[in-house]
Each structure stands twice: as C-alpha cells, then as structure tokens.
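Given the coordinates of chain A, work out where chain B should sit on it, guided by the hints.
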Amino acid sequence: MTKKWKALFINLVIVLVVLAPACKTTKKPVKTQETVTTTEAPPPDLSVRTDTATEVKPNEDFVKPEAEPTEEVIPTGIEDLNRWVHEKGYVRDAFFNYDEATLDGDAQAALNASATWLKSAQGSGYNVLVEGHCDERGTEQYNLALGDRRANVAKDYLATLGVDASRIRTVSYGEERPFEEGHDDSAWSQNRRAHLVLVR
Amino acid sequence: MRITAVITFALLTFSAYGQTTVKIEAGAGDAASIIRIAVPFPELAPSQGALPGPVNATEVREAFFGPLTRDIAYSGIFAIAALPPSVPVTPDLLKRNNAQYHLKLNVWFEADQYVIEARLNDASGATQLAKRYRSPVAALGRTAHMLSNELLKTLNGRPGVFLTQIAFASNRTGTWEIWLMDWDGANQRRITFHNALSILPSWSPDNERMVYTSFARGTSDMYIINRRGGGRVRVPSGLSLNTSATFSPVSNDISFVGSERGNPDIYLIRDDGSNLRRLTTSGSIESTPEWSPNGRQIAFTSGRSGSPQIYVMDAEGTNVRRISYDGNWNDDATFAPDGERIAYTSRVNGRFQIRIANLITSENHIVAGEGSNEQPTWSPDGQWIAFQSNRSGKWQIYRMRADGTDLLPLTSAGENKEPDWSKKPE
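Taken in sequence, the protein lines are chains A and B.
Residue 133 in the working numbering sits at position 127 of the first sequence, with consecutive numbering throughout.
Residue 1124 in the working numbering sits at position 16 of the second sequence, with consecutive numbering throughout.
Among the clues, some could well be false.
To be verified - Computed beta-carbon distance windows for the label pairs:
1. A/Glu77 - B/Gly1346: 25 to 33 angstroms
2. A/Ala193 - B/Gly1346: 29 to 37 angstroms
3. A/Asp112 - B/Arg1386: 31 to 39 angstroms
4. B/Arg1412 - A/Ala193: 23 to 31 angstroms
5. A/Ala127 - B/Arg1429: 50 to 58 angstroms
6. B/Ser1470 - A/Glu186: 35 to 43 angstroms
7. A/Asp170 - B/Pro1344: 22 to 30 angstroms
The set of hints was computed from the structure by calculation and includes no laboratory data.
Please read all numbers here as calculations on a predicted model, not as lab measurements.
Glycine is no exception: its CB is placed at the ideal position from the N, C-alpha and C atoms.
Chain A extracted, bound-state conformation (with noise of 0.2 angstroms):
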C-alpha cells in the first residue's frame, strides 16, 4: 500500500472517531478518555501520519489534528495514580511563601482543582495525605512544626471545599525530603509545599 493510500485510510478512520463521541458533550478530561478507549477504534499510527503531513501537504481544514484521539492508560496502581493526577493538574500542591503557612490565590487555587477532583467520582474513591514540606534555609527542628502547619492549613482549606475531613490526613517532612536538592530560590520555592498524596 503507497503511503498516500494509508493516509487516506487512516484519516477516514480519524473522522470516524472523532465524530463518534463530538456529539457528546464531556464534562471531565478522564471522562473523555474512558469514552475515546470504549470506541474500539484502532488508535492511528502517529508516526506514519506525521510523514504524510509533511510530505503529502493534505488539507489542514479536513485532517483537524487537535480534534484527534489519543489513548491513554488510567494508572491503576496508587504510584502511578499519583504521579498522572499531578501531571493532569487534577491534584495539585499549595506553594507557600518562606517561613509562612497561609495559602495565597495560587495555593488556593491549587487547593481547589484538587478538591474537585477529590470529591469526583474517580477521586472520592480515595484518602489523601497532605505532607507539609519547608525549604533548607531554616532549622530542622522547627521546620518540622512549621510542615505540620503548612500541611494542616492545606486539609482544613480542602475540608471547607467540602471534602470530608476524614478522609485527610496529614504529616510533617520538615525540610528532610526536599522535592529539588539545589540551593538557590527555584529549589527552595519548590520545596515548601503542601504536597498532595493519594492513598486507599
């Protein structure tokens, strides 16, 4: 088969796909998925189509790549779990300020997002550990008081978002497990956190 015979196949077989679910309207990105995965449709051979895009030039109008489908496994183990919700942005961690356990419109929002997908269908299946973290710059003993605040501000902020307190729990790291090991404002702004754990 010419290339420009499997390109053609494979973009009917795109329009296909996509206008199967168009017609829905999704509320949530997971959703999405689990619909786009229930079609059955053979997923598209990216690479092949990538060649074709280049070479052949077809009309953009009609190929609509960012309307495409991609598959994507939902991680079922709780590691894997973990680190897909916070590169989806579903779960996401408060920053804080040096020496400070408020939550600022960042951190708030950051909370939010968070809260909804924990009050979602996927993630009230789960119990969250808020772990509060503090940059190198203090001293341990105390950033170890001041983890368990940051990580208590964080609960109580997801608890006012309606999710249930129980469901929390919390533990200070002080500044014993930093996120970034350099020394300099880009780590330590990354490593006082209230990080967000899912646990079962």
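Below, chain B alone, put in the same frame as chain A:
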C-alpha cells in the same frame, strides 16, 4: 576554696580505689594548671616473666595508644611531656624533661585478649595508679578511654568525657537511622533498623536509653530504644509531630513537640505514654524543647514574635521569658551542664552559627565557623560542643571546645546530623 574542694573529692576518689600512698603536688587538683605527663609507647611484653610473646605494634598504636594519647592531649588537664626514645625512664630523665608523671604501659597477648598494664608513677617513682585491663581487639579503643578516664579521676578528681557517647542520625545506609559513636568519633555503630526516616535522638539521663522520632508507620512517632538497640517501644501521644523529644533529667517525663490541628506546642508525657500535659498554649508554632540540668526549666523555640526565637519557661509552663534577640531565626537551644549558659543555632548574615548565651549576665557570643552550623550539644563536663556543619558540602558532625578551638570532624560516611551527647561521664 575550689581547689580544696577538688582535692577533697580527689582524696575520696583515691580511697575508693584502694590507693594508700597519695601525694598531691601543689595545684594538682586545679584544672587551671597543666600537669605534664610522659607517656612512652608501651613495652610489648609483660612487665615481668617472659611467657606470652610480643604483639602487633601497629595494632596497639592505632587502636590503643593513639586514642589514649589523644584523650590525654585533649583532656585540658594534661600535657604530654616528650621523652627521648629508647632511653630508660628514670626520675632524673623525667625531671630533665619537666614531666611530673610517667604513665608506664606494658601490653601483651594472652588467651585471645590483649592485656594492658598501666602504672602511673609520680616524679619520685611512687605509683599513684595501677590498673590491668583485658580487652579483645575490638575494645582496645574503649580500653584507652577507660584508662584516660582513670588518669583524670586520679589526678583531677573528676572523670573526663572519654567514655561518653554521641548519638546522631546518619543516612549512610540510604535511610536516616540512629547511630552512636565514641566521643572521638570512633566505634560508629547503627542502633535502629526502621528502614524509614528516623531522626533526632536524645539520651536519657542515665545514658541507658534514647528517645527519637521515626516515620516508620508513615506518621512521625516517638520511640524509646536502649543503647544496644534493643527494647524498642513506641510512645503513643495521640498527637501529630512527636518530634524533638527529650528526657527530663530528674523524672520519667519526656518533653516533645506535639500538634493538634496544625498548632505545634510543647507537651510533656511520661515515658510509658501516660499523663500527657500541654505546656504552651499560644497559637504560634512552638518547637524544640530542652530541659535545664536540674529539670526545673525548659528552653524552647517559638514563632510568637513573628520569627523563631529562644524562650525559657518553668517546667510547669509558667514564667516564660524570651532569651534571643539577635537574628531573625534561632532554634536548637541546649543548656550547658552548669545551667547558666545555653548554646543555640542562630542565623547570622544568612548562615547559621552556634551562639552561646549566658542566662545570668545576658552576654552572648558567636562561635563562628565556615558553612552553616546547627544543633549544638554539650559534653557532660561542659568543655566541648558537638554540632552539625555543612562546611564540607555535606552535613557532618564536628566537635570543638566551647570556645571554638580544637575543632575536629567526627563523621565522614554519608551525611550525619543531630548529635546528642550522653548526659553522664561514665
């Protein structure tokens, strides 16, 4: 007055050790005067009789003689008088080299053990101390420390710190666990095997147990363990954090940082987990309690002023007063054995330094060093401070005199922090 008291104590000590002929030279009991003592390398044979043969000189030098002479040199009481090698030690030779004492050592091997015979003779040749130790190779360092301690008790009336231990946390196995070492950094050994973050060890007043924090259950909990790593128990408080735990010097209470709903405060609890009491009630962060030597006061850190500062309160939680005003971050207060001074971690120009404050005079000064220097702990004689520093690029534990001199790194494997010096000299 002080000299008299020391000499009296020294005499009592001598009689306890069965010494009959005691001569105290003028000023010998005064810590301010240095005693010059000759310590030639041991004769590697019994002092009399020829039976068991000589032993490995290198082993004796590295495992026994080295630690012994370092102890003597660091004692603050003795100076080592050098003698010419291979010359018989006579009263005349000692006099010419200005040595007031001669420590004569014989070392041999007998039934799989080293035998070490030590005689301390004064300038006239009279024996002030005679001891025989039997030690497996692995315990030669400890034997050296025991002998050093006897020398100090004999000539200064008080034991030294040579038999003390320093507890600390090390990540050299990949996980932070609790370790112990001798005062000179030798004999480092692991005490906990949680395979989980385990930190902040603190000795009991009888040197038998430690309390520390481990995340073994996913939460941070207090545990007590004995010095050999056995008898581990968890101390359930019902609170979060359970950090910075430290034994009362006078009762079975433990002070620690507990937290309820994100409000860390100083609490007391019995070592069996009963009788929880809250000492601080402020809405700010409280941390890092440490008892005064008489158990009547507790130093701690509080953020109530807007930054972490050192406070002292009575052990009932009353009579709180602020101690630190220098710098915008102070933590890790620890009382000197005299109860009059505290050492703490104090930020100066963006780095942490050890600050020593006198609670009576309110004077304070920095014991400066490279890098950041944190978590000071006093030796039980008040002469030394161990602390952690990142001056090498990694956290390691160092020892210095309280005036900052005679600095010595004690650790090098992995990273090491949170030293806590045992409370009793022996």
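Do the hints match the structure? See the list:
1. A/Glu77 - B/Gly1346: 25 to 33 angstroms: 49 angstroms, violated
2. A/Ala193 - B/Gly1346: 29 to 37 angstroms: 36 angstroms, holds
3. A/Asp112 - B/Arg1386: 31 to 39 angstroms: Given a distance of about 35 angstroms, which is inside 31 to 39 angstroms, the answer is holds.
4. B/Arg1412 - A/Ala193: 23 to 31 angstroms: Given a distance of about 29 angstroms, which is inside 23 to 31 angstroms, the answer is holds.
5. A/Ala127 - B/Arg1429: 50 to 58 angstroms: Given about 56 angstroms between the Cβ atoms, the range holds.
6. B/Ser1470 - A/Glu186: 35 to 43 angstroms: 41 angstroms, holds
7. A/Asp170 - B/Pro1344: 22 to 30 angstroms: 25 angstroms, holds
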